Amino acid sequence: MRDAELSRAFLDWYDLHARDLPWRVGPAARAAGVQPDPYAVWLSEVMLQQTTVAAVRDYFHRFTARWPDVEALAAAEDAAVMGEWAGLGYYARARNLLKCARAVARDHGGRFPDSREGLLALPGIGPYTAAAIAAIAFDRAETVVDGNVERVMARLFAVQTPLPTAKPELTALAARLTPTRRPGDHAQAVMDLGATICTPKRPACGICPLRAPCAARAQGIAADLPRKLAKPPKPTRLGIAYIGRRTDGAWLLERRPESGLLGGMLGWPGTDWAETEPVCAPPADADWRDPGAEVRHTFTHFHLRLALRVADLPADCAPRRGAFVARHDFRPSDLPTVMRKAFDLARGSIGRD
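The sequence shown begins at 1 in UniProt numbering and counts up one residue at a time.
Incorrect hints may appear among the rest.
[Unchecked claim] List time: in silico DSS-like cross-link candidates among lysine-lysine, alpha-carbon distance up to 30 Å: (1) Lys167 with Lys234; (2) Lys201 with Lys99; (3) Lys201 with Lys167; (4) Lys201 with Lys228; (5) Lys99 with Lys228; (6) Lys231 with Lys201; (7) Lys341 with Lys234; (8) Lys228 with Lys167; (9) Lys167 with Lys341; (10) Lys201 with Lys234.
[What the hints assert, rightly or not] Each pair of labels, with its calculated beta carbon distance range: (11) Ala65 with His328: 19 to 29 Å; (12) Pro168 with Asp248: 58 to 68 Å; (13) Pro22 with Gly110: 17 to 27 Å; (14) Ala29 with Gln219: 31 to 41 Å; (15) Ala92 with Gly348: 43 to 53 Å; (16) Ala54 with Asp285: 43 to 53 Å; (17) Ala315 with Ala54: 44 to 54 Å; (18) Ala79 with Ala212: 18 to 28 Å; (19) Phe302 with Val279: 13 to 23 Å; (20) Arg176 with Gly220: 21 to 31 Å; (21) Gly263 with Pro168: 29 to 39 Å; (22) Arg176 with Pro332: 46 to 56 Å.
Please keep in mind that the hints were generated in silico from the structure rather than gathered at the bench.
Here the structure is a predicted model, which is why all the values come from computation and not from measurement.
Positions of the beta carbon are idealized from the N, C-alpha and C atoms, including for glycine.
Input sequences plus hints: build the corresponding full structure.
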C-alpha cells in the first residue's frame, strides 16, 4: 500500500471503532462540525503521560467539574490542584499544569495558541504534547508519536532496531503517514489501534485493518516488536518519615522543595532517600517510636522503603523542621501517594481520630 492508502485505512477503521473518551470529540461529531475543546485536549494529554486511560478518566472528570476551563484552573490554589492530582504521580506535571494555565490566562486571554510552535512556548509543554494538541484540537498536520504509535509503526514496517534507538526512524515513518486532511483524527486512530488491537502482548492481528500490509505480521514477528534495549534494574532507596500529632490534633508536616521529586507538596518530615541507611535527627523532641510498619513504594527510577517513626507531641512542641497543620485543615487526600501510605500505616499508632 502507498502511504495515502495506509492513512485512509487508519481513518476508515477509526470512523467505526473510535474509543469513547470524555475529552474526545468523536469522528461523527467532528464531521458534524463539533470542535474539540483545547483545554480538554491539553488536560487529558498531560494527565495521560506515563499512565493509562483507565487511570485518568476519574481524574479528568473531577478536574473539569471543579475547574471547567483554563481560566478557572489558573485561579485555583496550588494545594487544591496538587491534592486533586495525588495518585497520578509525576507531580512536576501538576506544577507545570498550573504554570501553563496561568500563562494561557495571563498572556493569551484564556485561549491556547493554535500552532505547535506557539504551544511549545508554554510552560510544561514539550514536543509530543505540542504536536498532540496542535493536531487534535486545531487539526494541524503534526506528527504525534507516543508509545502506541511507536509500536504500530515498528510492526507495520518491521523495524527491528530496538527502542529507544529506533525513535527517530519510527517518528519519520509516522510522519510519512500523517495526512493533511483530518490529521487529528488520524493521530487518534493510530493511538487507538495501538491501545485496542496492536497491543503490547498478543496483538489481535486477525481483526487489524492493517493486517494485509503489515510487514511484521507477514514475517511472524509482530508480537516481538518493538524490540527494546534491556533496562538496568531499579535500585532501592531507604528513608525515614516522622509522623507526629500534637495533643490538639494538629499534624506536623513540611513542604518539600519546589524542585525535585514531589516538589512543592506537603509531606512528613524525614530523611533524604538514599541507597545507604538514613541518618537524620527527628524534627522535634519527643518519644519517637517504631510502629512496626514500613512503606514500600515504586517510583519511575527506583524502589523506596520508608521506615516510620511516630510520636504524640506536647501542646508546647517547638519543631525544628516543618509546621503544624490544624486538625480541621488536614486532609490526607492532599498528600502525595507515598505520604498518604505512611499516614494510613501510622494512624493507628498515634493519638486519637
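Here's how the hints hold up against the structure:
1. Lys167 with Lys234: Roughly 23 Å separates the two Cα atoms, so the pair holds.
2. Lys201 with Lys99: The given pair, whose Cα atoms are some 38 Å apart, is violated under the 30 Å limit.
3. Lys201 with Lys167: holds, 20 Å
4. Lys201 with Lys228: holds, 14 Å
5. Lys99 with Lys228: violated, 34 Å
6. Lys231 with Lys201: Judged against 30 Å, a Cα distance of about 19 Å means the pair holds.
7. Lys341 with Lys234: Holds, at about 21 Å.
8. Lys228 with Lys167: Roughly 11 Å between the alpha carbons, so the hint for lysine 228 and lysine 167 holds.
9. Lys167 with Lys341: violated, 37 Å
10. Lys201 with Lys234: holds, 23 Å
11. Ala65 with His328: 19 to 29 Å: holds, 24 Å
12. Pro168 with Asp248: 58 to 68 Å: Taking Cβ atoms as reference, proline 168 and aspartate 248 lie about 60 Å apart, which means the hint holds.
13. Pro22 with Gly110: 17 to 27 Å: This hint holds: roughly 21 Å between Cβ atoms.
14. Ala29 with Gln219: 31 to 41 Å: Distance hint for alanine 29, glutamine 219 holds at roughly 39 Å.
15. Ala92 with Gly348: 43 to 53 Å: 32 Å Cβ-Cβ, so the 43 to 53 Å window is violated.
16. Ala54 with Asp285: 43 to 53 Å: Taking Cβ atoms as reference, alanine 54 and aspartate 285 lie about 47 Å apart, which means the hint holds.
17. Ala315 with Ala54: 44 to 54 Å: holds, 46 Å
18. Ala79 with Ala212: 18 to 28 Å: violated, 54 Å
19. Phe302 with Val279: 13 to 23 Å: Roughly 19 Å apart at Cβ, these two residues keep to the hinted range, so it holds.
20. Arg176 with Gly220: 21 to 31 Å: holds, 25 Å
21. Gly263 with Pro168: 29 to 39 Å: holds, 31 Å
22. Arg176 with Pro332: 46 to 56 Å: About 50 Å separates the Cβ atoms of arginine 176 and proline 332, which means 46 to 56 Å holds.
Consistency with the previously given hints fails for numbers 2, 5, 9, 15 and 18, ordered from lowest to highest.
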